[in-house]
Amino acid sequence: MSFTAAEIPIQTGKTAIVTGSNTGIGFAIAEALANKGARVLLACRDGNKAAEAARKIEGGREQGGEVEYLHLDLSNIASVREAAETAAKEQRIDLLINNAGVMMPPFSTATAGCELQFAVNHLGHFAFTSLLLDKLAEQDGARIVMQSSLAHRRGDIDFDNLDGSKGYDKGQFYNQSKLANLLFANELDRRLRAKGSDTIALACHPGVAATELMRHIKGEKIFAPIVGTVLNDPEQGALPALQAATDPAANGGDYYGPYGLLEVRGKSSGRAIQTKRARDKDLARRLWDKSIELTGVDPDLPPA
1 MSFTAAEIPI QTGKTAIVTG SNTGIGFAIA EALANKGARV LLACRDGNKA AEAARKIEGG
61 REQGGEVEYL HLDLSNIASV REAAETAAKE QRIDLLINNA GVMMPPFSTA TAGCELQFAV
121 NHLGHFAFTS LLLDKLAEQD GARIVMQSSL AHRRGDIDFD NLDGSKGYDK GQFYNQSKLA
181 NLLFANELDR RLRAKGSDTI ALACHPGVAA TELMRHIKGE KIFAPIVGTV LNDPEQGALP
241 ALQAATDPAA NGGDYYGPYG LLEVRGKSSG RAIQTKRARD KDLARRLWDK SIELTGVDPD
301 LPPA
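If you're matching positions, the sequence shown starts at 1 in my numbering and goes up one per residue.
Simulated from the structure, these hints should not be mistaken for laboratory data. Computed from a predicted model, the values in this text were never measured in an experiment. One should not assume that every hint holds.
Ranges of calculated distance between the beta carbons of each label pair, as one might list FRET restraints [as the list claims (entries may be wrong)]:
| # | residue 1 | residue 2 | range |
| --- | --- | --- | --- |
| 1 | Arg154 | Ala51 | 33 to 43 Å |
| 2 | Asp198 | Ile292 | 39 to 49 Å |
| 3 | Phe159 | Asp298 | 11 to 21 Å |
| 4 | Glu66 | Glu7 | 33 to 43 Å |
| 5 | Gly13 | Pro303 | 31 to 41 Å |
| 6 | Ser165 | Thr275 | 39 to 49 Å |
| 7 | His71 | Ser108 | 34 to 44 Å |
| 8 | Gly167 | Asp140 | 38 to 48 Å |
| 9 | Ile273 | Ala6 | 18 to 28 Å |
| 10 | Arg154 | Thr4 | 26 to 36 Å |
| 11 | Gly59 | Asp158 | 22 to 32 Å |
| 12 | Thr12 | Arg154 | 36 to 46 Å |
| 13 | Ala194 | Asp140 | 13 to 23 Å |
| 14 | Pro302 | His71 | 29 to 39 Å |
Where is the CB? At the ideal position from N, CA and C, for every residue including glycine.
All chains, please: the whole structure from these sequences, using the hints.
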């Protein structure tokens with residue numbers, strides 16, 4: 001049975017943070033939550049684009065959910081710390097949806113000299129989430145959702161080349177970052193359970209959807225419209241994250257994705273397929289420790 005936007009429970013009184021929510025799937029996630037009455041913080045790098053997104057959401061929303069901008073540059077740990085400090089001043093945070101990402105850009109580095117995709121897609125979210133764990137813990141049943149990808153299936157973590165100094169293949173580094181997202185979600189939920197926390201961590205993937213994330217792909221202007229017609233649009237791509245964030249039947253450690261065409265298209269159907277590597281507890285623990293070392297942020301959660 002598929003999950004649709006109509007099945008999202010009323011979110012009035014709840015506060016959600018959605019990273020990368022000024023466009024594409026993140027915008028669709030934020031819009032759907034606001035339409036159900038949630039207060040939504042658009043956690044984005046570009047304030048002008050976030051303001052425009054907020055105007056669009058507020059102009060068409062069905063319920064009374066507020067929408068505000070939260071400046072967040074996931075490539076900059078100082079910005080991540082500042083954003084978390086600002087967010088922690090909210091009366092409550094019920095949902096943290098870590099959706100933002102970069103895909104196959106030209107080579108550059110960010111946090112601790114790491115390659116940009118790993119730094120933004122994983123390390124930035126690792127630090128941001130870790131800094132907000134205490135705030136999330138104030139609400140019973142708070143949820144953390146990590147946006148992974150089908151690309152995780154081709155990924156591995158090359159701990160000896162996180163800075164790209166031994167070679168940069170933009171596709172391999174993207175796959176690595178999305179595997180890291182899934183490893184982090186799984187390890188985070190295990191550690192939250194070990195602590196006896198009411199907060200849960202889940203993961204999802206959108207299938208293949210036409211969004212601005214594809215802008216660095218050669219031939220994107222030709223390929224994106226085809227994807228949008230044949231596969232998923234941003235609204236469909238948002239459904240797995242929305243199911244993970246709001247479905248009363250969701251459990252910590254769940255992984256959601258589309259049901260059709262090898263999980264490439266369709267509405268969210270519930271649990272998606274994780275690779276054996278994504279479920280590797282030893283690899284997840286090693287990534288956890290390395291992430292603390294690289295970001296200087298410790299979630300302070302016991303091993304599972």
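Consistency of the hints with the structure:
no., hint, in the structure
1, Arg154 x Ala51: 33 to 43 Å, "37 Å, holds"
2, Asp198 x Ile292: 39 to 49 Å, "23 Å, violated"
3, Phe159 x Asp298: 11 to 21 Å, "19 Å, holds"
4, Glu66 x Glu7: 33 to 43 Å, "23 Å, violated"
5, Gly13 x Pro303: 31 to 41 Å, "35 Å, holds"
6, Ser165 x Thr275: 39 to 49 Å, "27 Å, violated"
7, His71 x Ser108: 34 to 44 Å, "21 Å, violated"
8, Gly167 x Asp140: 38 to 48 Å, "47 Å, holds"
9, Ile273 x Ala6: 18 to 28 Å, "26 Å, holds"
10, Arg154 x Thr4: 26 to 36 Å, "30 Å, holds"
11, Gly59 x Asp158: 22 to 32 Å, "45 Å, violated"
12, Thr12 x Arg154: 36 to 46 Å, "41 Å, holds"
13, Ala194 x Asp140: 13 to 23 Å, "18 Å, holds"
14, Pro302 x His71: 29 to 39 Å, "32 Å, holds"
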